[in-house]
Amino acid sequence: MGEPLNVVLFSGTDDKLQAAAVLTAGAAALGKPVNLFLQYWALDAFRADRIEQDHGLAPEAGAEGRVAVDGLRAAGQASWADTLRQAKELGGVDIEACSLSMDLLHLTPADLDPLVDGVEGVTAFYLNAGEGQVVFI
Amino acid sequence: MTLQITQTLDARGLSCPMPIVKTAQAIKTIPSGGLIEVLATDPGSVKDFAAWSRTTGNELVEQTTDSGVFRFVLRRK
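Chains E and S supply the protein sequences, listed in that same order. Mapping the first sequence onto our numbering, position 36 (from 1) lands on 36, and the numbers just tick up by one. Mapping the second sequence onto our numbering, position 57 (from 1) lands on 57, and the numbers just tick up by one.
Extracted from the complex, chain S is given alone in its bound form (with noise of 0.2 angstroms):
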């Protein structure tokens, strides 16, 4: 089953902790229950999500990495 993807952020590029500030703010403009998926390139950002997602309660739905690029899917509480 596809996901059905609300919104998608391009923070390929940008460095810590740019790619979670921008998330932080995207996820406020989609209804709870949405999906976000993020793109990232910030080596640092796989435990980041995962560290955002549990204090703040949006699930983390997927991730993946493609060449080096990261790719977040993520719920909104």
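So that you can see chain E by itself, here it is in the shape it has in the complex (with noise of 0.2 angstroms):
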């Protein structure tokens, strides 16, 4: 379905994490290409020991934000880990970690969890998003 979504995930907290997770599947499940391009705290959020771990949420959630969201939680909501993996398995979706980020959390991709599809540069981000729009969170 056309031109690529761009995501740069640069926020690590799970609230952030989960609505770039809920964007992609909705792009994968119409056939869209997703291109998600990891920097810093959400690079961060991805390492394969801390992937699982509780990571917050923005400062704005505040304490009615944290019930809001381990309500849902308990409801049986998808984690955002478990949304990309879905997203994954339909197809058309590539996650790439920020190799400036890779330096400044001193990571190698052995450190990275494995829906993490590779390393590559801004250069290579722009050239794989094309005409599509690119979206920061």
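Be a bit skeptical, because a hint or two may be false.
[Unchecked claim] Label-pair ranges, simulated between beta-carbon atoms:
# : chain 1 : residue 1 : chain 2 : residue 2 : range
1 : E       : Val-135   : S       : Thr-55    : 12 to 20 angstroms
2 : S       : Gln-4     : E       : Asp-49    : 28 to 36 angstroms
3 : E       : Asp-117   : S       : Ser-67    : 22 to 30 angstroms
[Claimed, not checked] Selected chain E positions facing chain S (Cβ under 7 angstroms, derived; list incomplete):
# : residue
4 : Val-22
5 : Ala-25
6 : Gln-86
7 : Leu-90
Calculated from the structure, these hints are not laboratory results. All residues carry an ideal CB built from backbone N, CA and C; glycine is no exception.
Both chains come to you apart, so use the hints to assemble them.
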């Protein structure tokens, strides 16, 4: 379905990762290719040893937001990592780590969850993005 | 005439976008022209299934609501 959706994922809190995962899965279900580019704290959340941990919420969530998010999870909402796994099963979803952020966090590809397909720089990201929209989260 | 359902997908209790994601996965397992029935409770699913059907070309054959459960029947393109 035409140009890809390109998501620059910068934030590493569970609420923003969830929002990005939902956008990704929705696009994948429509047959739209998706490129996810992981930077900074989002990349940290994709570390194999941390991906299933609690990554907290954005400051604006507050205590009330925490309760709301926990409620949805208790009702059986799929985690953001599970949502992304299902999106990848549909095909067309490519998840790349930003090479600068890999340096920043002293990571090697072996440190990352298998959800991550590879490491690339911003030039490769723009090349793959084509004329598609770029969303920053 | 009763529709000949090939497969039923119970997506009740799943939140957005899982009903659509599960449907996109499941419809690949039935033959072209086959019918899949989906049950969902996500309030966004009425508009989502209509949009998904338009975009992917899998026809929305039937849509009903019964005590908070939305039922969709789609024909695989």
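Hint by hint, here is what the structure shows:
1. Val-135/E with Thr-55/S: 12 to 20 angstroms: holds (19 angstroms)
2. Gln-4/S with Asp-49/E: 28 to 36 angstroms: For Gln-4/S and Asp-49/E the Cβ distance comes to about 50 angstroms; the hint is violated.
3. Asp-117/E with Ser-67/S: 22 to 30 angstroms: violated (43 angstroms)
4. Val-22: holds (5 angstroms)
5. Ala-25: It holds, given that the least Cβ distance between Ala-25/E and chain S is near 5 angstroms, below 7 angstroms.
6. Gln-86: holds (5 angstroms)
7. Leu-90: OK, holds: Leu-90/E within 7 angstroms of chain S, min 6 angstroms.
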